[in-house]
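Use the sequences and the hints to build the structure in full.
Chain by chain, the residues:
Protein chains: 2
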Amino acid sequence: MPKNAFYAQSGGVTSVINASACGVIETARASRKIGKVFAGKNGIIGALREELIDTSKESKSTIAGLRHTPSGAFGSCRYKLKSVEENRAEYERLIDVFKAHDIGYFFYNGGGDSQDTANKVAQLSAEMDYPLTCIGIPKTVDNDLPFTDCCPGFGSVAKYVAVSTREAGLDVASMAESSTKVFVLEVMGRHAGWIAAAGGLAKEEKNDPPHVILFPEIAFDKSKFLAKVKDSVKKVGFCVVVASEGAQYADGRFVADAGLKDAFGHTQLGGVAPSLVDMIKEAHGYKCHWSVADYLQRAARHIASGTDVEQAYAMGKAAVDFALAGKNAVMPTIVRKKSKPYRWVIGEAPLSKVANVEKKMPRGYITKDGYGITAKCREYLEPLISGEDYPPYKNGLPQYVRLKKQLLKKKLKPFDISQ
Amino acid sequence: MPKNAFYAQSGGVTSVINASACGVIETARASRKIGKVFAGKNGIIGALREELIDTSKESKSTIAGLRHTPSGAFGSCRYKLKSVEENRAEYERLIDVFKAHDIGYFFYNGGGDSQDTANKVAQLSAEMDYPLTCIGIPKTVDNDLPFTDCCPGFGSVAKYVAVSTREAGLDVASMAESSTKVFVLEVMGRHAGWIAAAGGLAKEEKNDPPHVILFPEIAFDKSKFLAKVKDSVKKVGFCVVVASEGAQYADGRFVADAGLKDAFGHTQLGGVAPSLVDMIKEAHGYKCHWSVADYLQRAARHIASGTDVEQAYAMGKAAVDFALAGKNAVMPTIVRKKSKPYRWVIGEAPLSKVANVEKKMPRGYITKDGYGITAKCREYLEPLISGEDYPPYKNGLPQYVRLKKQLLKKKLKPFDISQ
Chain A
188 MPKNAFYAQS GGVTSVINAS ACGVIETARA SRKIGKVFAG KNGIIGALRE ELIDTSKESK
248 STIAGLRHTP SGAFGSCRYK LKSVEENRAE YERLIDVFKA HDIGYFFYNG GGDSQDTANK
308 VAQLSAEMDY PLTCIGIPKT VDNDLPFTDC CPGFGSVAKY VAVSTREAGL DVASMAESST
368 KVFVLEVMGR HAGWIAAAGG LAKEEKNDPP HVILFPEIAF DKSKFLAKVK DSVKKVGFCV
428 VVASEGAQYA DGRFVADAGL KDAFGHTQLG GVAPSLVDMI KEAHGYKCHW SVADYLQRAA
488 RHIASGTDVE QAYAMGKAAV DFALAGKNAV MPTIVRKKSK PYRWVIGEAP LSKVANVEKK
548 MPRGYITKDG YGITAKCREY LEPLISGEDY PPYKNGLPQY VRLKKQLLKK KLKPFDISQ
Chain B
188 MPKNAFYAQS GGVTSVINAS ACGVIETARA SRKIGKVFAG KNGIIGALRE ELIDTSKESK
248 STIAGLRHTP SGAFGSCRYK LKSVEENRAE YERLIDVFKA HDIGYFFYNG GGDSQDTANK
308 VAQLSAEMDY PLTCIGIPKT VDNDLPFTDC CPGFGSVAKY VAVSTREAGL DVASMAESST
368 KVFVLEVMGR HAGWIAAAGG LAKEEKNDPP HVILFPEIAF DKSKFLAKVK DSVKKVGFCV
428 VVASEGAQYA DGRFVADAGL KDAFGHTQLG GVAPSLVDMI KEAHGYKCHW SVADYLQRAA
488 RHIASGTDVE QAYAMGKAAV DFALAGKNAV MPTIVRKKSK PYRWVIGEAP LSKVANVEKK
548 MPRGYITKDG YGITAKCREY LEPLISGEDY PPYKNGLPQY VRLKKQLLKK KLKPFDISQ
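Line by line, the protein sequences give chains A and B.
Sequential numbering of the first sequence, starting at 188, is according to the working numbering.
Sequential numbering of the second sequence, starting at 188, is according to the working numbering.
Honestly, I wouldn't trust all of these hints.
Same chains, same names: a pair is fine if it fits in one copy or spans any two.
To be verified - When the alpha-carbon atoms are kept at most 16 angstroms apart in a straight line, the in silico EDC-like pairs for lysine to aspartate or glutamate are as follows: (1) Lys581 to Glu391; (2) Lys422 to Asp336; (3) Lys547 to Asp336.
Calculated from the structure, these hints are not laboratory results.
Small disclaimer: the values here were computed from a predicted structure and weren't measured.
Laid out in C-alpha cells, this is it:
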C-alpha cells in the first residue's frame, strides 16, 4: 500500500498558495504512488490536533478550482514550533499523528520559518527511525527566501501593487491641479522592499508615478523625504509615494510601529501611510490621500500574475516529483535562465540552508537616491508580473471553490498544543 | 459651419469617466453635425483659463482607448462656481470663452454640484442671449444622484469592493484560528452607503463575509457594534467589517473626522478603519488587520464592471444625441426596466431638479439590525457589477492611453479665477 501524504499551509497566505496545493494533490493523485493527501486543518495545528482534511473527498473539479482560489483553502496558521530541545513532545506528536494515518510524506508550504520546521521534522523522523519524506514548498509574498529566484505569491502581489500604483497615479494626476497633490500607498514587506519595488514598474516615462518608493533597506530620512515630495509636486504637479510597511529610520525604528508582535515575534506593523501623510501635511500643507492595501494585496486573485500562478502550481508538482524521486529535506526552487524572454527551470535547495535567511533587495536594484528602482531591478521584476490568469466569474464576482473539508476520524488521544 | 463642443470632467474621477468622454467624442465625430470637441484642461478651470484641449488632434485609436482608461484623462477639478449673484464674472467668462471658440455645446461630466453648474450656465447663456446647449453627463462613484437608477462610476467601485471583500474575507478565514480575527475594509461614500452596501454582495452563504457593514445612513452605536463583532468571532471564528468612510454617530459626528474640508465644503474623511480597529482591540483584544481602499477603489479600471463601462459610454453618447435633438439643460439617465435579466434604457432628467439632491440608501435595502443588505438591495446591486471589461495588457500592466493634450491658441486676455 502506498503511503499517504500530509500537506499543510503555513504563515500569511497568498493568492496562489492554493495553486501549489492543487499541484501537490493533482500530481499525487496522478502518480498512483501516493495514497491519499491529507491536509492540515489550519496548517500544522491541524497535524498536532489530529485534524486532518481528507482531500480525496474533494471532487476533481474542486481540486482543479484551487488553482484560481486565493488564500489558504485548508486554513493556515501562525504557529511556530519551538526547538526540538524546548518542546520535543510537539515533534513526537507530529510523528505519532503521521504514523497513525500511515503518512510517509510531509509537504510544508510556507516561508522561511516553515522550511525550518520542515527541516526539523525531517531530522527528528530520521532520529526516531520513522521514515518520512519532508519537502518544503516555497511561499511568501515578501519574496525574501534565499536560493529561489523568486517566491510563489510574490509575483501576484507585485502585479497588484504595480497595477494599483499606475491606476491611483492616474487618479491623482487628474485631480492635482485643484485638489489632491500627494497620494501614499502603503504596501507589505517587513524587512525586504520587494513589494514596494514592484510599484516602480508602473513608471514608463520619466515623470510617471511613483515618484518616491520607500524601502526598508534604505534608512528613512524625514527631511530628505519631504524635500523629495515637494520637488515632485513642483516639477510634475503631484507626487505618488509607495511605502513599504517596513520603512524605518537609521536606528531601526519603524516609521509606524504599532507595538504589537505576532507568534513568530515579528513586529506587527501598519500605519506608515497615515504617518507619512501627517508629516507631509504639516511640512507642506498639501492635500493628501492615502491607502493601506493590507490583505487586499495578497488576496487579490482577480489580478494574479500568470507567471506566479504557473510557478506556484509547478512548485507543488515538483515537491511531489521530488518526494517520489527519493529526495528528502529539500525545497524546489525557481531558477531563472533568462529574463528576456523569460525562461526558468526548477531547481532545489536543502531545507537546512533555506531556514531563517532573509533575502533583501540588492543595493544595485535601488537607485542612488534611494527612492526608485534601477533598470536591473525592472528586468528582474517584469517577468514575475507578466500574464493575466483570471478566475471564472458569476454574477459579477469571481467564483472561488469551497471545500467540504471532511476530517479523518481521530485515532489518537487529544494533545494540548502550547498555544 | 457646425458649432464646436466643450466637454469637461468634474469632481472626483472614476474608472469609467473616460468611457463617457469616449462616448461624447466618438458620437460627436460620427455625427458630422458638431465641429470639434474641445476638452477643459482640468475641468471647468480649463474653460475659465481658456486652456482648451483640442481632441481632434487625438487619433481614433487613442480616443477609443479612453474607454478602457481610468481617471480623468483631460484632468478634473474640485472647483465649484459660486452663485451667479456672487460671481457673475465667472459665468460671463465661460460664455466669452465659448463664444471665442465658437462653442455651441457644453457637456459637463460630473456629480450633483456639476449638474448645478451646468444648469446655471444654461440659464445664463439664455439670459445673455448666447445660444448654448448644456447637457449634463452623470458621474459619481457615490451613486447618490437622483432620477437615474444608478450612476456611471459606481458599478465599478461596487465590483471592486465586492471582489475585494470576498478575497480578503477568504484570507482572514484562513488565518483566524491562530492569528487575525477581524478585518476592516474602509470604503468611500460620504453620506450614502451604496459603496459599503456593495461589499454585501460578497456574501453567498449565511456565515460568509462581510459580517458587518457600516452605513452612513445608520447611526453608529459603539457598544452594539462591538457586540456584533464579538458575536461573529464566536460564531464564525472571525469577522469582516466593511465600513463606509461616512459612518457616523447619531449626533452626526463621523467615526473618523480628520477635520479637513474640500473646495465644495465637504468634510475630508479618512481613518474609519483604524478607528474601528482601535475600538475592537481595546474591547476584545482580537488581532485585527485593516485596509483603506481610498483611490484604489475608484481608479481600479482593471476590475471595472462591464455594465458600468457600457453605461458610462452610453451616457456620453446620449448627451450628444440629446444635444443634436435640440434638448437643453437635461441629463441622460439610466432607467431600469428589469433586474433579472437586467434591462435598462436611457431616460432624461432636467438639470434644475438633479442639482444638489443626494440619493441615500432606502431603509428597505438595509437589514433590520442595520449591519447588512437585504435581498432587495442585492437585486438592485447585482446587475451593476456584472460583466468583466478587461483593459489590454503589456508586460504585465494595463495599457492606458496617453493623450497629446494639445491646447488651442488663446484668443482672450487672462482671467483671474477665484482659486
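Verification of the supplied hints:
no.: 1; hint: Lys581 to Glu391; in the structure: between (34 angstroms within a copy, 12 angstroms between copies)
no.: 2; hint: Lys422 to Asp336; in the structure: neither (37 angstroms within a copy, 42 angstroms between copies)
no.: 3; hint: Lys547 to Asp336; in the structure: within (12 angstroms within a copy, 51 angstroms between copies)
Going down the numbered hints, you'll see the structure goes against just number 2.
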